[in-house]
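Trainee: Here the protein sequences line up with chains A and B, keeping their order. Its first residue numbered 55, the first sequence is counted upward by one per residue in my numbering. Its first residue numbered 7, the second sequence is counted upward by one per residue in my numbering.
Calculated directly from the structure, the hints in this document are not laboratory data. Every residue, glycine too, gets a C-beta built ideally from N, C-alpha and C. Among the hints, a few may not be true.
Stated by the list, open to error - Quick list of in silico lysine-lysine cross-link-like pairs, DSSO-like style, CA-CA up to 30 Å: (1) B:Lys82 / A:Lys692; (2) B:Lys88 / A:Lys735; (3) A:Lys670 / B:Lys165; (4) B:Lys89 / A:Lys741; (5) A:Lys703 / B:Lys82; (6) A:Lys741 / B:Lys165; (7) B:Lys145 / A:Lys741; (8) A:Lys103 / A:Lys134; (9) B:Lys82 / A:Lys568; (10) B:Lys44 / A:Lys735; (11) A:Lys518 / B:Lys88; (12) A:Lys741 / B:Lys73; (13) B:Lys73 / A:Lys154; (14) A:Lys735 / B:Lys145; (15) B:Lys44 / A:Lys692.
Stated by the list, open to error - A few chain A residues that don't get close to chain B, going by computed Cβ distances all over 12 Å: (16) Ala85; (17) Ser151; (18) Gln253; (19) Gly277; (20) Gln292; (21) Glu396; (22) Leu404; (23) Ala426; (24) Pro548; (25) Ser554; (26) Leu606; (27) Val658; (28) Glu732; (29) Asp753.
What the hints assert, rightly or not - Rough simulated footprint, nothing fancy, chain A against chain B, three-plus residues with beta-carbon under 8 Å: (30) 34–48; (31) 66–77.
Here are the chains, one letter per residue:
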Amino acid sequence: MEFKEDLSIFLEEVEELLANTEENLVELEKAPSDEALVQEVFRAMHTIKGGAATLGFQDGVEVTHTMESILDTVRSGERKLTADVVDSLFLVLDWLSEWKVALETQSKRPSTQEIMKKIRGLEFGQDEGVASSKTACNDFSGASLEYSGGEVLGDPLGNTPGPFLAGRLKEALDDGSPVYKLAVRFRPETDLLSVRCFQTLVLVNEAVDVIGSLPSLEEVEAGEASDVLDIYIISDDQGMTAKRVAGSVQDVVQVSLVTYTGSGPGQSVGQHAGFPSGQRPGKSASQHPKQQSGHRAAGHTGQYVGQGKDSTPDTVIRRTNLGRTVRVDVGLLDFLLNTVGELVIDRTRLTQMASRLQAREETSVAGNEIAALSSRLQRASQELQEGIMRARLLPLNNIFTKFPRMIRDLSNRCGKQIVLEIRGEQTELDRTVIEAIDDPLIHILRNAVDHGIEMPEERRARGKPARGKVTLSAWHQENQVLVQVEDDGSGIDPNDVKASAMRKGLITEEAAAKLSDREAVELIFMPGFSTSQVATQVSGRGVGMDVVRSNLERINGHIEVTSQVGTGTAVTLRLPLTLAIMRSLLVDCSGLIYAIPTSSVEEVLVVAHDEIKTVKGRAALTVRGRVFPLVSLEGCLKDDPWMRNGNFKYAVLTRSQDEPLALGVDGLIGEEEIVVKEMGKILSRLKGIAGATILPQGDPALILDTNRLL
Amino acid sequence: MSSNHISQTHITGREVGQGRQIVAFSLGSEVYGVDIEKVREIIPIQKIVPVPRAPDFVEGIINLRGKVIPVLDLRKHFGFAKKEYSTEQRIVLTESDGESIGVIVDSVSTVLRISQDSVEGPAPVITGGEVDYIQGIAKVNDSLIVLLDLTRIISDAEKRALKDVDLASAVVK
Numbered sequence: 055m056e057f058k059e060d061l062s063i064f065l066e067e068v069e070e071l072l073a074n075t076e077e078n079l080v081e082l083e084k085a086p087s088d089e090a091l092v093q094e095v096f097r098a099m100h101t102i103k104g105g106a107a108t109l110g111f112q113d114g115v116e117v118t119h120t121m122e123s124i125l126d127t128v129r130s131g132e133r134k135l136t137a138d139v140v141d142s143l144f145l146v147l148d149w150l151s152e153w154k155v156a157l158e159t160q161s162k163r164p165s166t167q168e169i170m171k172k173i174r175g176l177e178f179g180q181d182e183g184v185a186s187s188k189t190a191c192n193d194f195s196g197a198s199l200e201y202s203g204g205e206v207l208g209d210p211l212g213n214t215p216g217p218f219l220a221g222r223l224k225e226a227l228d229d230g231s232p233v234y235k236l237a238v239r240f241r242p243e244t245d246l247l248s249v250r251c252f253q254t255l256v257l258v259n260e261a262v263d264v265i266g267s268l269p270s271l272e273e274v275e276a277g278e279a280s281d282v283l284d285i286y287i288i289s290d291d292q293g294m295t296a297k298r299v300a301g302s303v304q305d306v307v308q309v310s311l312v313t314y315t316g317s318g319p320g321q322s323v324g325q326h327a328g329f330p331s332g333q334r335p336g337k338s339a340s341q342h343p344k345q346q347s348g349h350r351a352a353g354h355t356g357q358y359v360g361q362g363k364d365s366t367p368d369t370v371i372r373r374t375n376l377g378r379t380v381r382v383d384v385g386l387l388d389f390l391l392n393t394v395g396e397l398v399i400d401r402t403r404l405t406q407m408a409s410r411l412q413a414r415e416e417t418s419v420a421g422n423e424i425a426a427l428s429s430r431l432q433r434a435s436q437e438l439q440e441g442i443m444r445a446r447l448l449p450l451n452n453i454f455t456k457f458p459r460m461i462r463d464l465s466n467r468c469g470k471q472i473v474l475e476i477r478g479e480q481t482e483l484d485r486t487v488i489e490a491i492d493d494p495l496i497h498i499l500r501n502a503v504d505h506g507i508e509m510p511e512e513r514r515a516r517g518k519p520a521r522g523k524v525t526l527s528a529w530h531q532e533n534q535v536l537v538q539v540e541d542d543g544s545g546i547d548p549n550d551v552k553a554s555a556m557r558k559g560l561i562t563e564e565a566a567a568k569l570s571d572r573e574a575v576e577l578i579f580m581p582g583f584s585t586s587q588v589a590t591q592v593s594g595r596g597v598g599m600d601v602v603r604s605n606l607e608r609i610n611g612h613i614e615v616t617s618q619v620g621t622g623t624a625v626t627l628r629l630p631l632t633l634a635i636m637r638s639l640l641v642d643c644s645g646l647i648y649a650i651p652t653s654s655v656e657e658v659l660v661v662a663h664d665e666i667k668t669v670k671g672r673a674a675l676t677v678r679g680r681v682f683p684l685v686s687l688e689g690c691l692k693d694d695p696w697m698r699n700g701n702f703k704y705a706v707l708t709r710s711q712d713e714p715l716a717l718g719v720d721g722l723i724g725e726e727e728i729v730v731k732e733m734g735k736i737l738s739r740l741k742g743i744a745g746a747t748i749l750p751q752g753d754p755a756l757i758l759d760t761n762r763l764l
Numbered sequence: 007m008s009s010n011h012i013s014q015t016h017i018t019g020r021e022v023g024q025g026r027q028i029v030a031f032s033l034g035s036e037v038y039g040v041d042i043e044k045v046r047e048i049i050p051i052q053k054i055v056p057v058p059r060a061p062d063f064v065e066g067i068i069n070l071r072g073k074v075i076p077v078l079d080l081r082k083h084f085g086f087a088k089k090e091y092s093t094e095q096r097i098v099l100t101e102s103d104g105e106s107i108g109v110i111v112d113s114v115s116t117v118l119r120i121s122q123d124s125v126e127g128p129a130p131v132i133t134g135g136e137v138d139y140i141q142g143i144a145k146v147n148d149s150l151i152v153l154l155d156l157t158r159i160i161s162d163a164e165k166r167a168l169k170d171v172d173l174a175s176a177v178v179k
């Protein structure tokens, strides 16, 4: 599944975001009006939501989304950042950490029910009255803050319905109705308590289906009111409406919501304001089993409300795992690389200065010292450069992991049996290279499934196992990484390819006749070529191997196809380890220095001018039986490649459009690791020029793309 | 294209009467000015490496503190004769879309504050229709300064460059 890798990236990100958010929340408690902090927390929630949505974790989306909405009202000034909000944020944070760990360990994810009710209660906000009437008070049994009249308000879950009410509740439960208990608390010493109770019952009754209450409506009417009112309701929205309505009644200091199940005290679901149980911890512990079950939020709450109080024993320090990795913006790596590049250049100047000083007797001592310094500097800067390059590497695993699923789906769709074998997925490449080969690899693999592997019966008829095999492998070879897709399918028939190319008018019959089998197979790279008569569902239409090839060439890679009719096809990608640094041959051409990536240099020869042959009036070199058309680099760059130029002393053997080519140059400077630089939009798409670099002497130089030079 | 109209609204949209600060430079016998906020830096002329196949108004690339920066030749852009290298020449660095680009000028004379009243909209007769990047003409002590929209010049150049490349690749195919 492709998302294994995505998941680990996501989890890394979540870990970071949670850590940041925690920090921000702690700050927010100190400065509740800091908009930037709210914004940051909001952004963190949003980012997690996005990731969760992409990966299909609906529970994470739900929780973060609700929190986001709440923060949004804070942002817009509709809501004050009250203690409840901060507490809920901490609860969400804890839930998300639990959730993240569950995802990591592939264990059961925490239920959203509780947390959702908690934060939804907040979202529908009837907390204003509560928030204003309370002062912070420590309740280590849960993230609760409440009216601090100093009174023991009784247990929210304590009252048990009488037999009549119990019967009606059982009925409702048996019907499968969602039953909730709304526990409404009034401010102690409320005047006209019975009036408030009555008011609450009537309002709730208008809003939702009320099964009964304790005390009952009759009792309340008779003046038998207490500051605790339990209302049993049937609700489609988890009791949220009822809770809001009840909360709007004057003198109500707390509304808690529990799912009524008939057995036990019920599950606390929406309590957003608790009880001053800090003053009676023993009782709280026995009667809040749910909340007592080690919510880490208790720690936060303790830290929060306990300021100035002796609440440190209640503080739970969360185990932090900072991990062994940090995520770094690629832009920063590029910047570091550039800076190191400058360091290297300056180091070269220092060396030159040292040798000038060494040459004169009176300064030779200083010269020697500078030379020694410069060589130390060189080693350090080289190591720096290599370190930064390594930091940009990622294992191919990042894109490989999604292929087994893809192959499975594709082969099911076309009724083929295919197994994908992956090797060398730990091979590392620069992240830009990995990004660039993702689409080409998908295309090549699709081709293998669609055009390569035969139908099971056909395979059996050919004496092959019914199950076809596609091998995706990667390995290092010298300065390059090779990625190969190999299938044991039908292979590419050169005659079919030729016929197809002729039919499409890509090649004439005479030209086709002259092609070797190998060259014929290469025709698949021509724009507009596709052997499939009909664009299939698998391979699709529109993009062909020509696009694959040009994509690869853009990153200085090469693609080769070898195929044997009946036995299979192998497509090999030759990739540079990195795009940022390239080993290059520096050549001199009419006084200017150009860099040719060594990956595209086969050989360098000294040209003896009597060895230059003429083939059809054009210069050519024969090297061990192979004919290389000979052009001058200067001519190429002036778009007159055959320009007579007998001055060049060397020929660089390379390939252009997969044809051998000898490039005549005036001089060879040497081989260097060069840092590839962008040249800006205006020069970004020049044919045959891959980019620029800065030479040790400080001058800019162009990097050639020999493949597109002609 | 009613670019004339566009340029004029461009000018009146500025703080009229407040004046604006411009960097004045010469190209041939003429004096041009660009808004000072468009100028990031002015550096002495330095080694410019030519870039084959680049659009002709691109003089080449330079190394500015480790970055490769393309340099345009305004003379070529305006169709003036090429000038021989001189130490008077400067490269005016500006930014377009977050990328630095240099523009070679013959010499930088001064930084001026001009009042908006002294600026007239470009007359098509004078500018030869190339009003796109000419914001207006300022009269300062009897001499005329052509106010240029540097950003516009560069974005035009970029568009032209991309078009050239597209054409070239179409021909190759």
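Trainee: Can you name, in rising order, the numbers of the hints this structure does not satisfy?
Mentor: 3, 5, 7, 9, 11, 13, 14, 15, 21, 28, 29 and 30
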